[in-house]
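Participant: Okay, here's what each chain looks like letter by letter:
Number of protein chains: 4
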Amino acid sequence: MSDIFPESHPEHPLNLIPELCRKFYDLGWATGTGGGISIKMGENYYIAPSGVQKERIMPNEIFVLNASQDVVEEPRTEKQLKISECTPLFFNAYRLRGAGACLHTHSANCVLISLLCDREFRISHIEMIKGIINNETKKALGFRDTLVVPIIENTDFEKDLTASMAECMVRYPESCAVLVRRHGMYVWSDTWQKAKGAVECIDYLMGLAIRMRTLGLEWEPKGAK
Amino acid sequence: MSDIFPESHPEHPLNLIPELCRKFYDLGWATGTGGGISIKMGENYYIAPSGVQKERIMPNEIFVLNASQDVVEEPRTEKQLKISECTPLFFNAYRLRGAGACLHTHSANCVLISLLCDREFRISHIEMIKGIINNETKKALGFRDTLVVPIIENTDFEKDLTASMAECMVRYPESCAVLVRRHGMYVWSDTWQKAKGAVECIDYLMGLAIRMRTLGLEWEPKGAK
Amino acid sequence: MSDIFPESHPEHPLNLIPELCRKFYDLGWATGTGGGISIKMGENYYIAPSGVQKERIMPNEIFVLNASQDVVEEPRTEKQLKISECTPLFFNAYRLRGAGACLHTHSANCVLISLLCDREFRISHIEMIKGIINNETKKALGFRDTLVVPIIENTDFEKDLTASMAECMVRYPESCAVLVRRHGMYVWSDTWQKAKGAVECIDYLMGLAIRMRTLGLEWEPKGAK
Amino acid sequence: MSDIFPESHPEHPLNLIPELCRKFYDLGWATGTGGGISIKMGENYYIAPSGVQKERIMPNEIFVLNASQDVVEEPRTEKQLKISECTPLFFNAYRLRGAGACLHTHSANCVLISLLCDREFRISHIEMIKGIINNETKKALGFRDTLVVPIIENTDFEKDLTASMAECMVRYPESCAVLVRRHGMYVWSDTWQKAKGAVECIDYLMGLAIRMRTLGLEWEPKGAK
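Chains as they are written, first to last, in my numbering: chain A, 61 to 285; chain B, 61 to 285; chain C, 61 to 285; chain D, 61 to 285.
Hints are not guaranteed to be accurate.
Pairs count within a copy or across copies, as identical chains cannot be separated in the list.
Unchecked claim - Below, simulated DSBU-like cross-link-like pairs (lysine-lysine); rule was C-alpha separation at most 35 Å, straight line:
| id | residue 1 | residue 2 |
| --- | --- | --- |
| 1 | 139 | 219 |
| 2 | 282 | 139 |
| 3 | 198 | 282 |
| 4 | 142 | 199 |
| 5 | 219 | 282 |
| 6 | 198 | 139 |
| 7 | 142 | 83 |
Calculated from the structure, these hints are not laboratory results.
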């Protein structure tokens, strides 16, 4: 149901992915070639290349795939590029959730939270929780709801996360995010705008939670007003 | 008494609100569609839309209201936009204080301070306190004065803060700001310049206070020179 | 001995002061109208206005003074501007030290250091100390030297710091900086480039020292290699 | 084997060094004239000047050297510039490792890590470790590998680090980085892209490690999954 834009439009994925990659880099979420972004438009799935400086990606360096995960359009550059190793993980979000975009960050906040928690990150009674949408009911969480982000164990190769991420998504149908321990986070939603909003809210909440821990404050207060 | 600018002027609210929203986003005060800005010019009240990425707001996406809080000019765009849910809270500042601008941030500093304090945030003997104006006397606070920012409890919906914020403003006539626990802060002043100065000073003081707490330093020193 | 530039040159003080004010704002040193910058070129002393948003200062808003501290050229704008309240403090640096520029920041690092120290901030054995010039010998400090920044008490009005800052400068002839407790810092040097280098190094060292304190590390290590 | 670009190309070292210096400055790695960058193209070694504001370097201020470390092209400016004092240290990387670029930062993270460790910084089981290449095998480290960055003692003058850095590089043939205690870090690789990726990953890991220490988390977990 998303809009179809011509390539000249700034919100066409060929232009939007490089712009969002620069933003992620500036936020420290995609330094050292880390992180990744994929956006769907119409029947096309746009994915950034692997192992390149994310803040320098150009529109002609993006891969285009179809719903079967086949590359239907190579990047229009002479550079030898490989498609992102996150591709099968992005397709978990497309196939299991009908997502319109999937974002992957290496934010240090995510790594620290994954070390402070066992199987889930849980927080409640913070306004920014309302920026996150329940992926099953499609309704925004409420202020008093508990945001739950499940955590899976990291693997040696990114693609080997595919099965455990999918299994986790089945177990947590309401979640729009999966934390990968000692690694980072995947976040998806129906549109890139909602996915970007969700990752910003969740990263804010994780950064806040770390500062709360240092100050001796509870993440899920009992009897909070 | 504020100046009236043509729409081509960078300080016309249609241009200024998007610019300030981008600044707030860069400061982490308006991530994930959070936060909001309203500015009055002449008899018009300009208000940003709700639930959109604040750093991408365009001049043609702003609502214009009159003193009765009626929309007199819809955004000049085909996008389906809703007016900010902060609207009745902005009008608290316009009606109860004759404000010229009202700003709302989701700064993590505000949330943490609201968790470290009971009913008020209090700090004294820091130079930046002098950047804040007593809303009753219209004089700047002095270095030795105590800045007091009252705290109200959060509600499930933003608009439900209207009555408690108004009641708090009556109880604290000298204050130009109200903290909302676990949520953020509203700050207003006679002009957008003064409101921006106030929110920058208060956020600086809250960030400083959190670092002081970690280092074991007092916020209201007894017998400070 | 500094170069004389035409007004069209980016390093003419009318252009440079606004540029450096924007940088200081981005670093958090000049939020909420705080901080200030003065640069000398030829026989003219250029000073920013008071109580305005530092990141929005325009070239036509700068005051020009002579060596007697008289305004010889008003800002070329219709705005009603007042000269910076830091003016007599900047002239301490011009008169007592023959400075070419004087910078004033409200960095939170400075405020915290002023609360952690009694009469002096002292640190040694950090490479960045070498970026600071002994104001008496005009030689750079060495890695093993101790940087000493004296601290004076804050006053109700900025101008009332003039005498105690001057007295402190006489007592610490080697120092290119004075900390004002609970307020900020003044830094000067022969040229704006050196003053900017010094304030960047000192602020870096103060930020580092605060993190060192949190980690239990000594600022002046005994027997360090 | 690196590409040869004309001077008009943004990736020509005359343009790239100023761009990367601005980035390093924004990251706090090159404030107060600290830090440095050198890139090789063809048979030319490009090196930034010493003691200047790194974020203001212009393409005509870069020195060009040959493999014998002789200046073959002076900066094309009237300014009196000195070549970076890091030059012999950059040439350690060129001579001992056949590097294509060598980067030097004064990041506060590096200084703090050098104070928390004895002879080596060691960390394992963090995804970002995979962004660093073993300088001997030319293969990327694995998630379960331990990143080891050796530490040498600082000296009074930068050039006096030359021998101890070289000796350290011989002892740690797999490392692409050397920490200088109380000073900063040198990082090199076959290309500037890989060197930039490595310094971003290592600085991320050091910043993370400091936060982990504050939260009581281990850097080299025993029996981590």
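Participant: Next, verify each hint and record whether it holds.
Facilitator: Here's how the hints hold up against the structure:
no. : hint      : result
1   : 139 x 219 : within (23 Å within a copy, 39 Å between copies)
2   : 282 x 139 : neither (56 Å within a copy, 41 Å between copies)
3   : 198 x 282 : within (27 Å within a copy, 41 Å between copies)
4   : 142 x 199 : between (37 Å within a copy, 17 Å between copies)
5   : 219 x 282 : between (40 Å within a copy, 25 Å between copies)
6   : 198 x 139 : between (41 Å within a copy, 21 Å between copies)
7   : 142 x 83  : both (22 Å within a copy, 26 Å between copies)
The earlier numbered hint that this structure contradicts is number 2, and it is the only one.
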